[in-house]
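The numbering used here puts the first residue of the sequence shown at 239, with every later residue one more than the last.
One should not assume that every hint holds.
[What the hints assert, rightly or not] EDC-like, lysine to aspartate or glutamate: derived pairs with alpha carbons at most 20 Å apart:
#: 1; residue 1: K371; residue 2: D352
#: 2; residue 1: K244; residue 2: D364
#: 3; residue 1: K371; residue 2: D301
#: 4; residue 1: K244; residue 2: D263
#: 5; residue 1: K244; residue 2: D369
#: 6; residue 1: K244; residue 2: D317
#: 7; residue 1: K374; residue 2: D360
#: 8; residue 1: K244; residue 2: D259
[Said to hold, decoys possible] Ranges between beta-carbon positions, derived for each pair:
#: 9; residue 1: P288; residue 2: P373; range: 37 to 45 Å
#: 10; residue 1: E312; residue 2: D263; range: 23 to 31 Å
#: 11; residue 1: Q281; residue 2: A372; range: 38 to 46 Å
No lab work stands behind these hints, which were simulated from the structure alone. In this text, all values refer to a predicted model and were calculated from it rather than measured experimentally. Positions of the beta carbon are idealized from the N, C-alpha and C atoms, including for glycine.
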Amino acid sequence: MSVLVKICGLNEPRSVAAAVDAGADMIGLVFYPASPRAVSLEQAIELAGPVTNGPVRVALAVDPDDRLVSEITETGVIDMIQVHGHETPSRVSEIQARSGLPVMKALRIGTAPDVAGAAHYDGVADRILFDAKAPKD
239 MSVLVKICGL NEPRSVAAAV DAGADMIGLV FYPASPRAVS LEQAIELAGP VTNGPVRVAL
299 AVDPDDRLVS EITETGVIDM IQVHGHETPS RVSEIQARSG LPVMKALRIG TAPDVAGAAH
359 YDGVADRILF DAKAPKD
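Can you make the complete structure from the sequences, with help from the hints?
Have a look at this one:
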(Lines of atoms letter the chains of each structure in order from A and count residues from 1; the text may use other names and numbers.)
(Lines give C-alpha, C1' and ligand atoms only; values in the text may rest on other atoms or scores of the structure.)
Protein backbone atom coordinates (compact mmCIF):
# COMPACT_ATOMS: atom_id res chain seq x y z
CA MET A 1 0.00 0.00 0.00
CA SER A 2 1.30 3.42 -0.86
CA VAL A 3 0.45 6.52 1.11
CA LEU A 4 0.01 9.95 -0.44
CA VAL A 5 -0.12 13.27 1.37
CA LYS A 6 -2.91 15.66 0.41
CA ILE A 7 -3.07 19.12 1.96
CA CYS A 8 -6.61 20.38 1.55
CA GLY A 9 -8.48 23.61 2.11
CA LEU A 10 -5.77 25.82 0.67
CA ASN A 11 -7.06 29.30 -0.03
CA GLU A 12 -4.00 31.55 0.08
CA PRO A 13 -0.95 31.64 -2.21
CA ARG A 14 1.41 31.26 0.75
CA SER A 15 -0.40 28.07 1.87
CA VAL A 16 -0.14 26.60 -1.61
CA ALA A 17 3.56 27.49 -1.75
CA ALA A 18 4.17 25.89 1.65
CA ALA A 19 2.40 22.67 0.61
CA VAL A 20 4.36 22.51 -2.66
CA ASP A 21 7.67 23.29 -0.93
CA ALA A 22 6.99 20.61 1.70
CA GLY A 23 6.51 17.98 -1.01
CA ALA A 24 2.77 17.34 -0.76
CA ASP A 25 1.56 14.82 -3.33
CA MET A 26 -1.76 16.63 -3.73
CA ILE A 27 -3.16 20.04 -2.95
CA GLY A 28 -6.88 20.52 -2.39
CA LEU A 29 -9.12 23.44 -3.22
CA VAL A 30 -12.59 23.42 -1.67
CA PHE A 31 -15.59 24.21 -3.89
CA TYR A 32 -18.19 23.92 -1.14
CA PRO A 33 -19.65 27.32 -0.25
CA ALA A 34 -20.50 26.29 3.34
CA SER A 35 -16.82 25.73 4.11
CA PRO A 36 -14.78 28.59 5.56
CA ARG A 37 -11.99 27.40 3.26
CA ALA A 38 -14.07 27.58 0.06
CA VAL A 39 -12.60 29.22 -3.02
CA SER A 40 -14.18 30.70 -6.10
CA LEU A 41 -13.33 29.55 -9.61
CA GLU A 42 -11.23 32.70 -10.06
CA GLN A 43 -9.32 32.02 -6.84
CA ALA A 44 -8.70 28.44 -7.95
CA ILE A 45 -7.12 29.66 -11.17
CA GLU A 46 -4.91 32.09 -9.22
CA LEU A 47 -3.89 29.47 -6.66
CA ALA A 48 -3.49 26.33 -8.75
CA GLY A 49 -2.53 27.83 -12.10
CA PRO A 50 1.14 28.34 -11.20
CA VAL A 51 1.42 24.75 -9.86
CA THR A 52 2.33 22.96 -13.06
CA ASN A 53 5.13 20.55 -12.18
CA GLY A 54 4.23 19.53 -8.69
CA PRO A 55 1.41 18.07 -6.71
CA VAL A 56 -1.86 16.89 -8.20
CA ARG A 57 -4.37 19.73 -8.01
CA VAL A 58 -7.60 18.41 -6.50
CA ALA A 59 -11.01 20.10 -6.47
CA LEU A 60 -13.13 19.05 -3.50
CA ALA A 61 -16.87 19.27 -4.06
CA VAL A 62 -19.88 18.03 -2.10
CA ASP A 63 -22.67 16.52 -4.19
CA PRO A 64 -21.68 18.66 -7.20
CA ASP A 65 -24.19 19.20 -9.97
CA ASP A 66 -23.20 18.94 -13.62
CA ARG A 67 -22.79 22.71 -13.93
CA LEU A 68 -20.23 22.85 -11.11
CA VAL A 69 -18.33 19.86 -12.48
CA SER A 70 -18.11 21.60 -15.87
CA GLU A 71 -17.06 24.92 -14.34
CA ILE A 72 -14.32 23.27 -12.28
CA THR A 73 -13.06 21.37 -15.31
CA GLU A 74 -13.12 24.45 -17.53
CA THR A 75 -10.70 26.30 -15.21
CA GLY A 76 -7.96 24.13 -16.71
CA VAL A 77 -6.08 24.04 -13.41
CA ILE A 78 -7.59 20.93 -11.82
CA ASP A 79 -6.14 17.43 -12.24
CA MET A 80 -8.62 15.43 -10.14
CA ILE A 81 -12.04 15.88 -8.58
CA GLN A 82 -12.75 14.69 -5.04
CA VAL A 83 -16.39 14.15 -4.18
CA HIS A 84 -17.25 14.31 -0.51
CA GLY A 85 -21.01 14.00 -0.32
CA HIS A 86 -23.57 11.29 -0.96
CA GLU A 87 -22.42 10.45 -4.49
CA THR A 88 -23.33 6.94 -5.60
CA PRO A 89 -20.96 4.82 -7.67
CA SER A 90 -23.10 5.72 -10.70
CA ARG A 91 -22.71 9.44 -10.00
CA VAL A 92 -18.94 9.02 -9.60
CA SER A 93 -18.88 7.47 -13.09
CA GLU A 94 -20.96 10.35 -14.47
CA ILE A 95 -18.55 12.90 -12.99
CA GLN A 96 -15.59 11.05 -14.51
CA ALA A 97 -17.26 11.05 -17.92
CA ARG A 98 -18.32 14.72 -17.73
CA SER A 99 -14.97 16.00 -16.49
CA GLY A 100 -12.55 13.64 -18.21
CA LEU A 101 -10.64 13.68 -14.92
CA PRO A 102 -9.94 11.03 -12.31
CA VAL A 103 -12.36 11.09 -9.38
CA MET A 104 -11.57 10.42 -5.75
CA LYS A 105 -14.50 9.40 -3.54
CA ALA A 106 -14.28 10.40 0.11
CA LEU A 107 -16.08 8.12 2.55
CA ARG A 108 -16.83 8.95 6.16
CA ILE A 109 -15.58 6.10 8.32
CA GLY A 110 -16.58 5.39 11.89
CA THR A 111 -17.30 1.66 11.98
CA ALA A 112 -16.30 -1.56 10.24
CA PRO A 113 -19.47 -1.50 8.05
CA ASP A 114 -18.43 1.96 6.85
CA VAL A 115 -15.12 0.51 5.65
CA ALA A 116 -16.94 -2.37 3.95
CA GLY A 117 -19.03 0.18 2.05
CA ALA A 118 -15.92 1.20 0.15
CA ALA A 119 -16.27 -1.98 -1.89
CA HIS A 120 -19.13 -0.34 -3.81
CA TYR A 121 -16.62 2.11 -5.30
CA ASP A 122 -13.96 -0.48 -6.15
CA GLY A 123 -13.31 -0.32 -9.87
CA VAL A 124 -15.35 2.89 -10.13
CA ALA A 125 -13.50 5.63 -8.23
CA ASP A 126 -9.91 6.24 -9.20
CA ARG A 127 -9.04 6.73 -5.53
CA ILE A 128 -10.85 6.32 -2.24
CA LEU A 129 -10.19 8.62 0.70
CA PHE A 130 -11.18 7.47 4.17
CA ASP A 131 -12.25 10.39 6.36
CA ALA A 132 -13.01 9.96 10.06
CA LYS A 133 -16.61 10.55 11.08
CA ALA A 134 -17.00 13.14 13.78
CA PRO A 135 -18.19 11.62 17.06
CA LYS A 136 -21.93 12.05 17.67
CA ASP A 137 -21.30 13.63 21.06
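Verification of the hints:
1. The hinted pair formed by K371 and D352 meets the criterion: a straight-line CA distance of about 10 Å does not exceed 20 Å.
2. Pair hint K244 plus D364 holds up; C-alpha atoms about 15 Å apart against a cutoff of 20 Å.
3. Distance restraint check for K371 and D301: the Cα-Cα separation of roughly 17 Å lies within the 20 Å cut-off, and the hinted pair is therefore satisfied.
4. Distance restraint check for K244 and D263: the Cα-Cα separation of roughly 6 Å lies within the 20 Å cut-off, and the hinted pair is therefore satisfied.
5. Taken as a hint, the K244 and D369 pair is honoured in the structure, with Cα atoms around 12 Å apart against an allowance of 20 Å.
6. Using a Cα cut-off of 20 Å, the hinted pair K244 and D317 holds, with the two alpha carbons roughly 13 Å apart.
7. Proximity of K374 to D360 is assessed by CA-CA distance (about 28 Å); at most 20 Å being required, the pair is judged violated.
8. The straight-line distance between the Cα atoms of K244 and D259 is roughly 13 Å, inside the 20 Å bound, and the hint therefore holds.
9. Remark: the range hint 37 to 45 Å for P288 to P373 is upheld by a beta-carbon distance near 39 Å.
10. For E312 and D263, the Cβ-Cβ distance of about 25 Å falls inside the hinted range of 23 to 31 Å, so the restraint holds.
11. Between Q281 and A372 the beta carbon distance is about 27 Å. The supplied range of 38 to 46 Å is therefore violated.
In the structure shown, a violation is registered for the earlier hints numbered 7, 11, in ascending order.
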